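Asks: Below, each chain spelled out in residue letters.
8 protein chains.
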Amino acid sequence: MNTLDLGFAKIDMEREKRQGFPEVIYCAGKTPEQSAEIFLKLSEHSPNVLATRVDEATKDALLAKVPDAKYYEKARIVALEREPQPKDKDRVITILTAGTSDIPVAEEAAVTASIMGNEVEVVYDVGVAGIHRLFEQMPVIKKANVLIVIAGMEGALASVVGGLVSKPVIAVPTSVGYGASFDGLAALLGMMNSCAAGVAVVNIDNGFGAGRLASIINHMR
Amino acid sequence: MNTLDLGFAKIDMEREKRQGFPEVIYCAGKTPEQSAEIFLKLSEHSPNVLATRVDEATKDALLAKVPDAKYYEKARIVALEREPQPKDKDRVITILTAGTSDIPVAEEAAVTASIMGNEVEVVYDVGVAGIHRLFEQMPVIKKANVLIVIAGMEGALASVVGGLVSKPVIAVPTSVGYGASFDGLAALLGMMNSCAAGVAVVNIDNGFGAGRLASIINHMR
Amino acid sequence: MNTLDLGFAKIDMEREKRQGFPEVIYCAGKTPEQSAEIFLKLSEHSPNVLATRVDEATKDALLAKVPDAKYYEKARIVALEREPQPKDKDRVITILTAGTSDIPVAEEAAVTASIMGNEVEVVYDVGVAGIHRLFEQMPVIKKANVLIVIAGMEGALASVVGGLVSKPVIAVPTSVGYGASFDGLAALLGMMNSCAAGVAVVNIDNGFGAGRLASIINHMR
Amino acid sequence: MNTLDLGFAKIDMEREKRQGFPEVIYCAGKTPEQSAEIFLKLSEHSPNVLATRVDEATKDALLAKVPDAKYYEKARIVALEREPQPKDKDRVITILTAGTSDIPVAEEAAVTASIMGNEVEVVYDVGVAGIHRLFEQMPVIKKANVLIVIAGMEGALASVVGGLVSKPVIAVPTSVGYGASFDGLAALLGMMNSCAAGVAVVNIDNGFGAGRLASIINHMR
Amino acid sequence: MNTLDLGFAKIDMEREKRQGFPEVIYCAGKTPEQSAEIFLKLSEHSPNVLATRVDEATKDALLAKVPDAKYYEKARIVALEREPQPKDKDRVITILTAGTSDIPVAEEAAVTASIMGNEVEVVYDVGVAGIHRLFEQMPVIKKANVLIVIAGMEGALASVVGGLVSKPVIAVPTSVGYGASFDGLAALLGMMNSCAAGVAVVNIDNGFGAGRLASIINHMR
Amino acid sequence: MNTLDLGFAKIDMEREKRQGFPEVIYCAGKTPEQSAEIFLKLSEHSPNVLATRVDEATKDALLAKVPDAKYYEKARIVALEREPQPKDKDRVITILTAGTSDIPVAEEAAVTASIMGNEVEVVYDVGVAGIHRLFEQMPVIKKANVLIVIAGMEGALASVVGGLVSKPVIAVPTSVGYGASFDGLAALLGMMNSCAAGVAVVNIDNGFGAGRLASIINHMR
Amino acid sequence: MNTLDLGFAKIDMEREKRQGFPEVIYCAGKTPEQSAEIFLKLSEHSPNVLATRVDEATKDALLAKVPDAKYYEKARIVALEREPQPKDKDRVITILTAGTSDIPVAEEAAVTASIMGNEVEVVYDVGVAGIHRLFEQMPVIKKANVLIVIAGMEGALASVVGGLVSKPVIAVPTSVGYGASFDGLAALLGMMNSCAAGVAVVNIDNGFGAGRLASIINHMR
Amino acid sequence: MNTLDLGFAKIDMEREKRQGFPEVIYCAGKTPEQSAEIFLKLSEHSPNVLATRVDEATKDALLAKVPDAKYYEKARIVALEREPQPKDKDRVITILTAGTSDIPVAEEAAVTASIMGNEVEVVYDVGVAGIHRLFEQMPVIKKANVLIVIAGMEGALASVVGGLVSKPVIAVPTSVGYGASFDGLAALLGMMNSCAAGVAVVNIDNGFGAGRLASIINHMR
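Residue numbers (our numbering), protein chains in the order written: chain G, 6 to 226; chain E, 6 to 226; chain F, 6 to 226; chain V, 6 to 226; chain W, 6 to 226; chain C, 6 to 226; chain U, 6 to 226; chain X, 6 to 226.
For the record, the hints were derived by calculation from the structure and aren't laboratory data.
Since we're looking at a predicted model, the values are computed, not measured.
Careful: at least some of the hints might be erroneous.
[Claimed, not checked] Covered stretches of chain W, as calculated for chain C (at least 3 residues, CB under 8 Å):
1. 52-58
2. 81-88
3. 98-110
[Unchecked claim] In silico SDA-like cross-links for lysine to any residue, where the CA-CA straight-line distance does not exceed 25 Å:
4. K92(C) <-> K70(C)
5. K92(F) <-> P109(G)
6. K94(E) <-> G12(E)
7. K148(E) <-> P72(E)
8. K70(F) <-> D95(F)
9. K46(F) <-> N7(F)
10. K147(W) <-> P144(E)
11. K147(F) <-> P91(V)
12. K92(U) <-> G34(U)
13. K22(C) <-> P109(W)
14. K22(X) <-> S48(U)
15. K46(U) <-> K46(G)
16. K147(E) <-> K79(V)
17. K148(V) <-> V128(E)
18. K22(U) <-> S48(U)
19. K75(F) <-> G34(F)
20. K148(X) <-> S48(U)
21. K22(G) <-> A62(F)
22. K79(C) <-> E86(X)
23. K148(X) <-> D95(F)
24. K147(G) <-> D60(G)
25. K22(X) <-> K79(X)
26. K148(F) <-> R96(G)
27. K46(G) <-> D93(G)
28. K79(X) <-> D95(F)
29. K46(G) <-> K79(E)
30. K70(E) <-> V97(E)
31. K147(X) <-> K46(U)
32. K147(G) <-> K46(F)
33. K147(W) <-> E38(E)
34. K46(X) <-> D95(X)
35. K75(X) <-> S51(X)
36. K148(V) <-> V127(C)
37. K92(E) <-> K70(E)
38. K92(C) <-> V127(C)
39. K22(C) <-> Q90(W)
The beta carbon of each residue, even a glycine, is placed where N, CA and C say it ideally should be.
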């Protein structure tokens, strides 16, 4: 069986085989009941299940159905982790944010990568307005195997970090900012135009996507 | 009499003759009282009446005036169907959605097409991230006479389906997504640029328009 | 010495040490003389030098200064490769394009990745309008270590490929298209919103950036 | 054999079987040689072949390879029509343009639909600034089986026509206009927001797509 | 005295002399207290005062200070009219709306023009989807001295009316619509590109500006 | 006869009766032959004919067909004026430009208004960067019956003039500028948001439309 | 110690030395607890601390931790000012707003500049619709050493003021307006295109940034 | 005499008195003859005259009229400097560019500031992709009195420099880049959202405006 048909959803049951991790539930736009039903079904076939963009009501519905799942509040994630995946301590995914307000996106990336079996290190608030804060973190940055750079406003941190390392940089623009940030458009365009090579970009506020891609890269041998 | 003048609205009384179905009431932006008054007047001249974008208050006002109308909650439609139109079982309008969150738009299309006298089949959650789910539905897709493809985010499903069939495809971008989806703009542009011919696009979230056009095409002999 | 100052340019002489490959010359916006001077200086310190976005006049100026450099016409690249880097035949970077018109961007990516020491395989014209063409290439796709997906118009190929593989996908939107493609904006937004995880995006037509990032990832052990 | 691989292109050889007409060559962005080679190969398997967006050089290359093909200058189309498809005189596709400048797009639609086996009637220059010109054409409009409405500037013609007929209307925004037309964006948005149901939209200047979709609909029985 | 300085506002006391009507208070963004204070001061110097974009709280504050002012709910206007201006019954400003949802904007225009001494006639819901409704109003339209055309969605009504009359047409795009209407942008661009001459456009939802300009034109002798 | 059908164009022969001036030929996008044929036909029915956006080749074609027509180079207009319309010297249309580069648009407006029977006065280069230049023209401005304000860049002149006069102001944004002027978008948005009432806006660079509307208003009695 | 690491934030402790004022806390997007903790830590090292975009809950948290801080309601600022900086009465920063609704942004600028040791003068509501109000303030404007011009809608005030003075003008677009102001975009573009030299622009509603830059310039000797 | 009226231009003859330097001629959009005539007239009243955006033909026309003027090719400036203004060697305006392609904009700023009496230092090609190149210039940067930062692509250099200095930073986005740089929009938005305070932005490619504003600030005492 490749697909489990719930009517309102068709669960891709071979995604784990095809892509190394079961289908992840993006809860925004689904009713709490829909999310919970999918979560339950996935939990019957996979030991590890992940749900993102979980609001209060959805969290309650998920935990009611699968009580041993865990809620990560800042990351807005509910995860079931019955068979934690082994982590290679020497291959660290390092997550850098430009500011404090970027933390929720960073947490989404961190929890995602961690549950997918990666050692994760987070460094918050090293934006370029006080660039020495970034350079103080060079030992951490240098030892990273994959980097995720998360920034709103003008998103300049991605370019700076991209020029400092020889490892892949996944840039996540955030909707942090106001006025001409246009809900993350400024950061997105900035990161797309990064003058540093080795940088690629995911959607605004898409911590999950960054964590997932970082995990894929980090597992390459 | 071609027009019934209510002051705040001029009901087009010859639309049924001209276009095969009476004027449909788009309730957003109208007061519940205005919508209900129009609905009542239409019901005095036509056995079948349709109102879309019906919120709670409007639904109550409509049903108070015309108690035998029916409320379709997911579709946000109130419909009066005193003389159900005959349906040709062999000419199916097939509605495909990329995700679960696209269901309200799909329901608007499905109820619209159904009331206008079409056999409708819906298939939810066959987005391209797990494309085998789509191919599992090929028997359904192949037997469609007209297809409606509903997708948010990048809207890629329209192009893929457009390349698989020899029947017309009506693509409906939805506002499902976040960040660089810009409330459906990404899906809209994607669908406009579909590399598959045979695809045309209606407004973001415009399930009604898709259902209406599909019905027109489906009745061609 | 970290920087070689030519007045009009400051060559980053430690980039090879820092990032594994010398500074690459982006020739657009530079005079042929400026590009040639930088190319010559780099060639005095590094055996391998790369110049991108090379037009006719710049090509002539580069080859006049460094006759053993080679011009890749389709890729608009001039490269000096005095010490070709070893390639691991088992780690293939696979480049897929949606159409024939995307070939120049693909060539830029292919030449870049090849010179940086990667086995590269290219598959042209497998866009989703005839999706069986893509599935016929599944053996090639499955054996890829890193994938670059290049598409204009709606860019749907990135989402489809992203859902089929467990390896990283670098998506390159191209300016191929017309009308509502808005010079690549439609493809860019589409790829940013990919419903498949594991996809990240570089700038429109940025074959070089994709090749560079793919090379970085492909060398991870 | 499903695909004919020319290296730079993969010709979809089963498109005719799958979609009723062989793959159509979009020549923009291809070299004249590439277009001509594809045209030749297709002509060896199909009696009827269509190439769009044909410039001077490409036209010469195509006719040199396949001398019995025919060049439609205004439509920028080269077509081979060795087995003209039968046309049902009673099912007319009617093409309306708002202005004289929209004619090239209309011709692309007309030639496309004609070669695909449809009776086509064109009516130029009936934009809404002199709406009596449109009403004078009501007999033509009323007898249409499918309508294509082509307009630049504000694109209002689509809404007006959409409200007059009970047949499907395919709207084609054009890049005709200046200033705030933003190369067709104004017309595109206008047509997407048409207050008349039964209208769907294809890409700016996409006469081919409109002709193709109209043909598909027109052949429905 | 040309200006009355309230600190938070500088009232332009010579506007009546310069432009024929005292400064009008745009209440959005002002506190109720600020609006009320300005209203009171103006009322001490002018018999007629107008305040627009009046919300509940502001209305209460205004009427508390100036009890003989009158609240026009649909128009969101509070007006003091101690010396009603004479109206020329033979010079009618005619206001047409495309739909019922455009009525609040139309009311703002109507009340503005009326208080400024103009005979005003309103015709609601004559959008182009049922264009006979518009033609039924030709007697009203023909006798207009100045026309205000108010429409959301694609805004096509302005072009159609502009082509029918020999009098000036002031077009007001509204934010009525959804999806690709982008809060009135589609209507605005449509109206800017009107293929009919004699049409000029004011800001989205700017009923006041249209009423004011219509009044200026209507008083020309 | 209401319409003269040339095939590629349908000339609206009753426009003069309906709107006071014959159809005006917008030559951009038409071939010189098409423009000339329309011009000739119109000249057979009307003593006065106007063609705008006339390039070199079109000018030659027009004058070859109708030698007594006159070419206004700066205005890019060819006009036939066999029966010059009388002008009321006391009702002046005053055209103000912000800069020297706006002159071609101003000339288009001036020639249009003049041929339609209006006294026109032009004042160039009174932009707000040296606002005393504007105030030096107050006598001219004060005596205007209708004003046309033409400005690129930020378009501020429209707001300033709108606040000084009691007559209607037609604002024309121009594509003069660079960078963030985005081909006139900045001026258009600025003028749409004018804080002065009594201002309405036509399309970017639309000198003709402004001249036409000014003429309509100027003839009101 | 250059940086004080709170985990969720890295306080830049040398910013005062480097830039003359300690790090300023932008509270939007931070939890009240985070803002309060940073404020407290900064207050332990600097006598003067500034927090902007302070909402009700954050204000309470800040004052609970540092009771001698002061809340500026209109400016949405909490400031600690234990060692007020000396002010040079002869060097005035003059802040002009176009309207009353721009006051909160002006207050943010004024409080910022004042706390950083500048004499500040504010003039509200001198927008160009009644330009004599501006000219009445010429004595104030002439004596300014640095000017901040704050305007929404079309933002024309910046160009006018920029043309009147020989001192630097910092322009702040605001989100005041509606419709085509697009949340400040119109004002931003207008100000970027100012035809007056000597004007530079900060982000929409960025009163703080304007105050900070004005202070830097005002302290130059 | 405040204004010298040439018909096509009104020269602001009191600008020098009002703003410290005579009116500067922006030649783009003017004919060579217009520019030359203005230049000549200005040279009769002022010893120093500046013309920007000078193309080949305009340069020839200017030098023919005023042979002792000087052409600065890279800056596209023609300047007359009969009474060179004194420069304070201790107050340096420092101009930094991110890349080599930004040099023309930098030269426009440098020549402007120099002629207006400022010591200018330029540092090219210190973009953030190799940030050590920037830090190597810290001695130059630290001694600057005013900084102009010029960058295309993502424009990140402005934020980094803004965080390093205590002097005003004028940021100039350039149209250098491709794809999602959208002709400088990405850099403009990035710079508007700079997380460093003390930065303000001028129009894309506006080297003149930056040089002018820097000069004004640099002359403050």
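Asks: For each hint, tell me whether it holds in the structure or not.
Replies: Evaluated hints:
1. 52-58: Not satisfied, violated; 0 residues make the cut.
2. 81-88: violated (count 0)
3. 98-110: violated (count 0)
4. K92(C) <-> K70(C): At roughly 28 Å apart (the allowed maximum being 25 Å), K70(C) and K92(C) break the hint.
5. K92(F) <-> P109(G): Violated. K92(F) to P109(G) sits at ~41 Å, over the 25 Å cutoff.
6. K94(E) <-> G12(E): 42 Å, violated
7. K148(E) <-> P72(E): 37 Å, violated
8. K70(F) <-> D95(F): 36 Å, violated
9. K46(F) <-> N7(F): 14 Å, holds
10. K147(W) <-> P144(E): 59 Å, violated
11. K147(F) <-> P91(V): Judged against 25 Å, a Cα distance of about 45 Å means the pair is violated.
12. K92(U) <-> G34(U): With Cα atoms ~33 Å apart, K92(U) and G34(U) exceed 25 Å; violated.
13. K22(C) <-> P109(W): Not satisfied, since the Cα-Cα distance of roughly 35 Å exceeds 25 Å.
14. K22(X) <-> S48(U): Cα-Cα ~47 Å, so violated.
15. K46(U) <-> K46(G): 49 Å, violated
16. K147(E) <-> K79(V): Roughly 37 Å separates the two Cα atoms, so the pair is violated.
17. K148(V) <-> V128(E): Roughly 36 Å between the alpha carbons, so the hint for K148(V) and V128(E) is violated.
18. K22(U) <-> S48(U): Roughly 15 Å between the alpha carbons, so the hint for K22(U) and S48(U) holds.
19. K75(F) <-> G34(F): 21 Å, holds
20. K148(X) <-> S48(U): 31 Å, violated
21. K22(G) <-> A62(F): It is violated: about 52 Å lies between the C-alpha atoms, which goes past 25 Å.
22. K79(C) <-> E86(X): This hinted pair is violated, its Cα atoms lying about 34 Å apart.
23. K148(X) <-> D95(F): 54 Å, violated
24. K147(G) <-> D60(G): 36 Å, violated
25. K22(X) <-> K79(X): Since the Cα atoms of K22(X) and K79(X) sit roughly 30 Å apart, the hinted pair is violated (cutoff 25 Å).
26. K148(F) <-> R96(G): 24 Å, holds
27. K46(G) <-> D93(G): 30 Å, violated
28. K79(X) <-> D95(F): Between K79(X) and D95(F) the Cα gap is close to 50 Å, so the pair fails against 25 Å, i.e. violated.
29. K46(G) <-> K79(E): Roughly 24 Å separates the two Cα atoms, so the pair holds.
30. K70(E) <-> V97(E): This hinted pair is violated, its Cα atoms lying about 33 Å apart.
31. K147(X) <-> K46(U): Not OK: K147(X) and K46(U) at ~29 Å, beyond 25 Å, violated.
32. K147(G) <-> K46(F): 29 Å, violated
33. K147(W) <-> E38(E): 32 Å, violated
34. K46(X) <-> D95(X): This hinted pair is violated, its Cα atoms lying about 35 Å apart.
35. K75(X) <-> S51(X): 15 Å, holds
36. K148(V) <-> V127(C): 52 Å, violated
37. K92(E) <-> K70(E): Between K92(E) and K70(E) the Cα gap is close to 28 Å, so the pair fails against 25 Å, i.e. violated.
38. K92(C) <-> V127(C): 16 Å, holds
39. K22(C) <-> Q90(W): 35 Å, violated
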